[in-house]
Amino acid sequence: MSELPGNILREATERLPKIDFDFGLGRFEIAGESYPENVIDAYGSILDALREYVETRPASCRLDIRLTYFNSASAKALMVILQRFDDIAAQGGDVKLTWYYDAEDENMLELGEDFGENLTSAEMQLQEEPN
Amino acid sequence: VLLQVEIAGLRQGKFRLRLTTRRVVKAEMVPRKCLSMLAKSVLNMRDNLQNQGVVFAYCGYINETILTGLGEALRRKLSHDEPDVTKLRSAFSVFVEQMQNIIRHSSEMIEADTPDVEPLRYGMLSIGKSGDDYFVISGNKVARTAAPQLREHLEEIHAMDLAAIKKAYRKQLLADDDRLSMGAGIGFLEVARRASRAIEFDFEELEDGSTFFAFKVTV
Chain D
2 MSELPGNILR
12 EATERLPKID
22 FDFGLGRFEI
32 AGESYPENVI
42 DAYGSILDAL
52 REYVETRPAS
62 CRLDIRLTYF
72 NSASAKALMV
82 ILQRFDDIAA
92 QGGDVKLTWY
102 YDAEDENMLE
112 LGEDFGENLT
122 SAEMQLQEEP
132 N
Chain E
23 VLLQVEIAGL
33 RQGKFRLRLT
43 TRRVVKAEMV
53 PRKCLSMLAK
63 SVLNMRDNLQ
73 NQGVVFAYCG
83 YINETILTGL
93 GEALRRKLSH
103 DEPDVTKLRS
113 AFSVFVEQMQ
123 NIIRHSSEMI
133 EADTPDVEPL
143 RYGMLSIGKS
153 GDDYFVISGN
163 KVARTAAPQL
173 REHLEEIHAM
183 DLAAIKKAYR
193 KQLLADDDRL
203 SMGAGIGFLE
213 VARRASRAIE
223 FDFEELEDGS
233 TFFAFKVTV
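Protein sequences, first through last, are from chains D and E.
If you're matching positions, the first sequence starts at 2 in this note's numbering and goes up one per residue.
If you're matching positions, the second sequence starts at 23 in this note's numbering and goes up one per residue.
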């Protein structure tokens, strides 16, 4: 079995969300806004770590997405992140994905539906957050 | 004119007084006159923009740092004015996509001396309010060879209804699987799904061999 990647903890900045990936506990969170200057710099290493994580065939994990805004380049990165969790679900892992959206923002709900529909094995819960 | 006044002053025996007065006045009048024209012309420009409902207008070289700064100011202005959160975020989103479109694709650019520093790209962008809607207008030069493909892409999106735009967006999320692109392909769909009216675009071939691309999105 492959080794777990090192945990990733990045505090939110003006254009980047908080990233809290605890591979040991199998708990993952992305929260805030995402419109990085360079999406590869922002998400490249995170995607690499997730790829390694999938290879460890985790039994269970959960990802909470609490984004209020992301640009189109981040949308692609987000989809790839979700696909890795979808891979874990396809391997038989117990994957809990939750997309929190602001009750006042219709677009975020719709985007959550779109991302969820693109998954084949995992299911994404859409959770309204009161303002 | 001044000479005539001075002669008139001489005839009236008030030469010294007049001359002194005129000289002083003349010294003040010249810069004042220039200033008043400057103010008028700048005010004209401002009024033209304001009459069109423009909240922000930028024309010049831009990079990501400028996007951060303008974005922050725009966000504060929108948060102050706009109670509809969906509309506020859509306006901000369209602003970011159009700014980044200029930053990635304007053909008018100044390369940095070192490769790790982003180039400056020239473009214009304004955001304003018309009734309950916000509009974001951008304009930048693109390579003439790139224009036909861009037009075709926008015409395709223009012909779609919202359901088709969302479907195309979902499909584009999955395109090129693992590769992260700089938003190519999905940016215009992002803008179109947030638009409250059909996207507007136009092209003009320029003498310098490039093509000017104008794009207007209303949310």
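Keep in mind that the hints were calculated from the coordinates and are not lab data.
Heads up, some of the hints might be wrong.
Said to hold, decoys possible - Which chain E residues stay away from chain D? Per the calculated CB distances, all over 12 Å, these: (1) Arg97; (2) Ile125; (3) Gly207.
To be verified - Simulated coverage check for chain D against chain E, where a stretch passes if three residues somewhere in it have a Cβ under 8 Å from a Cβ of chain E: (4) 20–34; (5) 91–102.
To be verified - Here are the computed lysine-lysine pairs in the DSSO-like style, where the Cα-Cα straight-line distance is at most 30 Å: (6) D/Lys19 to D/Lys97; (7) E/Lys151 to E/Lys238; (8) E/Lys62 to E/Lys99; (9) E/Lys188 to D/Lys19; (10) E/Lys188 to E/Lys238; (11) E/Lys62 to D/Lys97; (12) E/Lys109 to D/Lys19; (13) E/Lys62 to E/Lys238; (14) E/Lys99 to E/Lys151; (15) D/Lys97 to E/Lys99; (16) E/Lys188 to D/Lys97; (17) E/Lys99 to E/Lys238; (18) E/Lys189 to E/Lys238; (19) E/Lys193 to D/Lys97; (20) E/Lys99 to E/Lys109; (21) E/Lys109 to E/Lys62; (22) E/Lys188 to E/Lys62; (23) D/Lys19 to E/Lys62; (24) E/Lys193 to E/Lys238; (25) E/Lys109 to E/Lys193; (26) E/Lys109 to E/Lys188.
The beta carbon of each residue, even a glycine, is placed where N, CA and C say it ideally should be.
**Q.** Which numbered hints fail
**A.** 1, 2, 3, 4, 5, 11, 15, 21, 22, 23
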